[in-house]
Amino acid sequence: MQIKVLYFAQARERAGRPSAPLELPEGSRVADALTAIRRSTPALDPLWPHLAVAVDGALAPADQALREGAELALLPPVSGG
Amino acid sequence: MQIKVLYFAQARERAGRPSAPLELPEGSRVADALTAIRRSTPALDPLWPHLAVAVDGALAPADQALREGAELALLPPVSGG
Amino acid sequence: MAELVRASIDVARLIGDASRPECGAVSVFIGNSRDHNEGRKVVRLEYEAYEPMALAALGKLERETRSRFEIASCRIVHRLGEVPLAEASVAVVVAAAHRQPAFDACQWAMNELKRTVPIWKKEFFAEGGAEWVKGTSLAPR
Amino acid sequence: MAELVRASIDVARLIGDASRPECGAVSVFIGNSRDHNEGRKVVRLEYEAYEPMALAALGKLERETRSRFEIASCRIVHRLGEVPLAEASVAVVVAAAHRQPAFDACQWAMNELKRTVPIWKKEFFAEGGAEWVKGTSLAPR
Chain A
1 MQIKVLYFAQ
11 ARERAGRPSA
21 PLELPEGSRV
31 ADALTAIRRS
41 TPALDPLWPH
51 LAVAVDGALA
61 PADQALREGA
71 ELALLPPVSG
81 G
Chain B
82 MQIKVLYFAQ
92 ARERAGRPSA
102 PLELPEGSRV
112 ADALTAIRRS
122 TPALDPLWPH
132 LAVAVDGALA
142 PADQALREGA
152 ELALLPPVSG
162 G
Chain C
163 MAELVRASID
173 VARLIGDASR
183 PECGAVSVFI
193 GNSRDHNEGR
203 KVVRLEYEAY
213 EPMALAALGK
223 LERETRSRFE
233 IASCRIVHRL
243 GEVPLAEASV
253 AVVVAAAHRQ
263 PAFDACQWAM
273 NELKRTVPIW
283 KKEFFAEGGA
293 EWVKGTSLAP
303 R
Chain D
304 MAELVRASID
314 VARLIGDASR
324 PECGAVSVFI
334 GNSRDHNEGR
344 KVVRLEYEAY
354 EPMALAALGK
364 LERETRSRFE
374 IASCRIVHRL
384 GEVPLAEASV
394 AVVVAAAHRQ
404 PAFDACQWAM
414 NELKRTVPIW
424 KKEFFAEGGA
434 EWVKGTSLAP
444 R
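Chains as they are written, first to last, in our numbering: chain A, 1 to 81; chain B, 82 to 162; chain C, 163 to 303; chain D, 304 to 444.
In isolation and in its complexed conformation, chain A is listed as follows:
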C-alpha cells in the first residue's frame, strides 16, 4: 500500500520536501512507516527523539495500523502563539 508522509518545520527543511509518498507492505503500522522513513532520510536523525506522529490529523501511537492513502505527519515540538 501507499501512504503520504508530511513533513513540517525543521522536519520539512531537513527532509528537503513538504511531503512524499511511501510504499509499505500490507498490514504495516505507524512504527513500520517510521522505520522506513528513518532509513531513507538520515537527515532527520537529530530531530527523531522530539517528533510526534499524526495519522489523518490525529496523534497516533506506534502500534496504530495504517490504511491505503493514509496521511502520516511528522510533527516537531510546537511553538505557536
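It is worth saying that the hints were derived from the structure and are not from the lab.
Don't take each hint at face value.
Claimed, not checked - No more than 16 angstroms apart at the CA atoms, straight line, and that leaves these computed lysine to aspartate or glutamate pairs for EDC-like:
#1 C:Lys296 x C:Glu208
#2 C:Lys276 x C:Glu224
#3 D:Lys344 x C:Glu184
#4 B:Lys85 x B:Glu152
#5 C:Lys203 x D:Glu325
#6 A:Lys4 x A:Glu68
#7 A:Lys4 x A:Asp56
#8 D:Lys425 x D:Glu385
#9 B:Lys85 x B:Glu149
#10 C:Lys284 x B:Glu94
#11 B:Lys85 x B:Asp137
#12 D:Lys425 x A:Glu13
Take the given structure of chain A and dock chains B, C and D to it, following the hints.
Showing chains B, C and D alone in chain A's frame:
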C-alpha cells in the same frame, strides 16, 4: 472659614445637591466638618458608616486640619469597572 | 496615560499604541455594561466619578502596575455618564515582553481599580427603579 | 469559531463579536511578533501549521475552554506565514458575565495553545541565520 463639601453618588442624591459651602470656625478639622454636615443633613445617616472622606482629592483622616477654601468630598463605597 | 471619557472607548487604538516591537504580549480587559445583576434585568447604566481624584488614582494605578510587574506599559481608560448595554465602561491594556506578567498585571490593575478609584455605577432596572451598585469602602475614616 | 488567517488579525471585530449584553467581562490576549528572543535581535517571523489539524485543535480548544470555565464565548485566531514585527500572530478573546472566569479562561486557552496546536514559529536574526523556536513536544510516541 469656608470650605466646599462635595457629595457623590448616593450621598449626592440623599443630600439633594452635588456640593454646598460650609462655614466652620477657624482651626476646624475633618471631624468637625463631618459633625456639622451630619447635623445639617440627616438624610445621609444610613450612608454614614460607609463613607470615606477626601480633602482636596486625597483621602483624609478625621484629625486632619482644614484650610480656607478646602474641598471636602464624601465618597460612598466605590463600584467602578 | 489614564483617561476618563464620555464616549466610546477606542480599544483598537489602545491596543495599537501598546503593540510595540519589543512587546510580545498584550493583555486586555474590557468591562462591558451588562444587562443583568443579581437576578435583575438592567436596562441602563450610568457612571459618576470624583473626576480629578479618579484621574489621579488611575494614573497612580498605571504607574504602580508598571513598577510591580515586568511590563512595558499599562493604560487604563474609564467611561463616565450613560454607557449603553454591551459597550465598554472600562479598558485595561498591558503590554510586556512575555505573557505571564502581562496577564498578571492586567488582572491586578483591574482588581485594584474596583476597590481604589472613586467611580460609582448606577443600575436602572427593567422592573423600574435604580440602585447604586454595592461597592467597596475606600478607607476607614 | 477558530480561524487560521494569512493577513492582519482583526482584533476589534473579535471584541465586537464577543461584546454581548449578557457579558460584563471580555478578556483578550494578543501575541505580537517580537523583535528579540533570548538576547538575539529578530528581524522577521514566520509561522507554519499543519493546517487541518491545527484548525481542528483550535476549535477543540475553544470548546474545551467553554466547558471548563463559566464563560459565554471563546474565540481563537492564529496568523500564518510572515508576521511583521509588532503585528498580532495570535488573538484569544473570551467573554463572560464575570471577570475572574474570563481572565482564567483566556490564560488557560493561551497556555494550552502553545503546547497542543501544531503550529511552528521561525525567527530570522539580524546577525543572519534563522531558527525554529524551541517548542513543546506534542506527545511521546
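Subject >> List of violated hint numbers, smallest to largest >> reply: Checked against the structure, no hint fails, so every one of them is satisfied.
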